Amino acid sequence: MININALRFRSLEIDHLNLPPGITSIIGPNGSGKTTFLRLCAGIAEPESGAILIDGVSPHQTEVGWVNEFPDKNILFPTVANEIASTLRFAFAPCEDIDRMVTATADLVGINHLLSRDMRKMSGGEKVLVALAAALVHHPAVLVLDEYDSHLDMNCAALVETALRHSGATYIIRCTQQMETAAHSDCLLYIDQGKVLHAGTPAPVFASLSGTAFYPCSWRCRK
Amino acid sequence: MKLVLDSLVVKREGWSLSVNGTFLPGVHLVSGDVGSGKSTLAQIIAGFQKPAHGTVSREGISKVMLSMQHPEYHITGLTVEKECASWGLNAPDILASAMLSGKEEESPFTLSRGELKRLHLACVLERATDLLLLDEPFSSLDCAEKERVCTRINQKHYGITIIFTHEQTTFPRVDHIWEICQGCLVDCGDMPGALERWQHAPARIQDLIRAHNGPRNLTTRDILEAAWQTHESG
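Quick note, the sequences are listed as chains R and F, same order.
Position one of the first sequence corresponds to residue 1 (the numbering used here), numbered consecutively onward.
Position one of the second sequence corresponds to residue 1 (the numbering used here), numbered consecutively onward.
It should be emphasised that the hints constitute simulated quantities derived from the structure, not laboratory data.
Predicted model, so just to flag it, every value in this text is computed and none were measured.
Ideal Cβ placement from N, Cα and C applies to all residues, glycine included.
Hints should not be assumed to be uniformly reliable.
Selected chain F positions facing chain R (Cβ under 7 Å, derived; list incomplete) [unchecked claim]:
| hint | residue |
| --- | --- |
| 1 | Asp33 |
| 2 | Val34 |
| 3 | Gly35 |
| 4 | Ser112 |
| 5 | Arg113 |
| 6 | Gly114 |
| 7 | Ser139 |
| 8 | Glu147 |
| 9 | Gln168 |
| 10 | Ala227 |
Distance ranges between label pairs, derived from CB positions [said to hold, decoys possible]:
| hint | chain 1 | residue 1 | chain 2 | residue 2 | range |
| --- | --- | --- | --- | --- | --- |
| 11 | R | Asn155 | F | Thr76 | 34 to 40 Å |
| 12 | F | Ser233 | R | Arg10 | 22 to 28 Å |
| 13 | R | Pro20 | F | Thr79 | 41 to 47 Å |
| 14 | F | Ser16 | R | Ser58 | 32 to 38 Å |
| 15 | F | Ser233 | R | Thr201 | 31 to 37 Å |
| 16 | R | Ser116 | F | Phe109 | 32 to 38 Å |
| 17 | R | Lys73 | F | Asp187 | 45 to 51 Å |
| 18 | R | Thr201 | F | Thr55 | 54 to 60 Å |
| 19 | R | Asn155 | F | Glu59 | 34 to 40 Å |
| 20 | F | Phe109 | R | Leu17 | 27 to 33 Å |
Take a look, some chain R residues computed to stay more than 10 Å from chain F by CB distance [claimed, not checked]:
| hint | residue |
| --- | --- |
| 21 | Asn30 |
| 22 | Ser49 |
| 23 | Trp66 |
| 24 | Ala91 |
| 25 | Phe92 |
| 26 | Thr103 |
| 27 | Leu114 |
| 28 | Gly125 |
| 29 | Ala199 |
Required output: the full structure, derived from the provided sequences and hints.
Put into structure tokens, the structure is as follows:
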């Protein structure tokens, strides 16, 4: 379980929140604090006060995979294969293991054909897939994904969804603006103005958002 | 006014794109898979890249605007207010329309990515253009903001607007659909007939077409009306 208590960071205020294992999706208006919350969960930022504990330890004591919505900010190496391998190389993994794991992970997200390509020549969506492979390659316990799907087409998004569910990560915390994707989560949070206004399984959270643009279109079609 | 793409060929390592097409005034949607060349095509039409072969002819088009998918690439002002001024626009009006009033003195880079996209699109859509190229305009925007941008796009009653996107949920009313399939730009035609030929159509629209109740257009209202009709007739 991820336990959040008395968390304060910039405009974010969360008194008490528990996130179960599985996929947690975060939705809400632009500027509401979603990315800030993800950065805290990933250990990239430290709370000003309060705590986030992932199975009893802080995020930076946990293996975390992070995917930025704008992956250009995180790219370190010139080729796709080297970028995916970076986490394993920083951990001094054996070369033969690195090659095998890079190939397997690239296959999982459908980018084996890009391994020798120049990172600078990747499209926006391809960069997201590379960043996702780099995050998955070391089998982290926690995956934190910031609007990773905003640059993916329908087929790619479906492939990535399958990859996430087979990643072995205990916790996947993701921000998405695709409500159909959010509907397929174990836990859903709606954040607005720095506060978690709704939390729970998708059905009751979306019921609270009925009549707003955040209510899934497919659910409206069923009405 | 028309945009003519004649025998364009773009080649890169292990990848190529062939394009023929004529774009008339109205809203055009260009879809395609990740890495299919949507952004490259937008840059070629804007004149930022040269094709290996072929020509781009702009007839009766003088004002061209390309909105890149990453709003960071457009920023030139040190503050939000100066960014608006750099577009020759009135900051209070733009910030009110983007719901960013009160952030005048902040650096654009301290905004959230969605807020930055809102600011950028508010500036882009306020300018008069003959040819407006929008590369992934809906990425980073929240659901309510996507709908608002769609409304704003449909309020432009002049010129050619081309939207390059893989968006699956929220669309403006469009006049013509194109898609990139297997390295070629395919003309799916005018709406609503284009929907029958659109291979990248969102799953919900494909379901409605299979039920012989395709929507009249792509707006949320059109899709809901078609879904409800299908539900009632089913």
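* Asked: What hint numbers does the structure not satisfy?
  -> 12, 14, 17, 21, 27, 28
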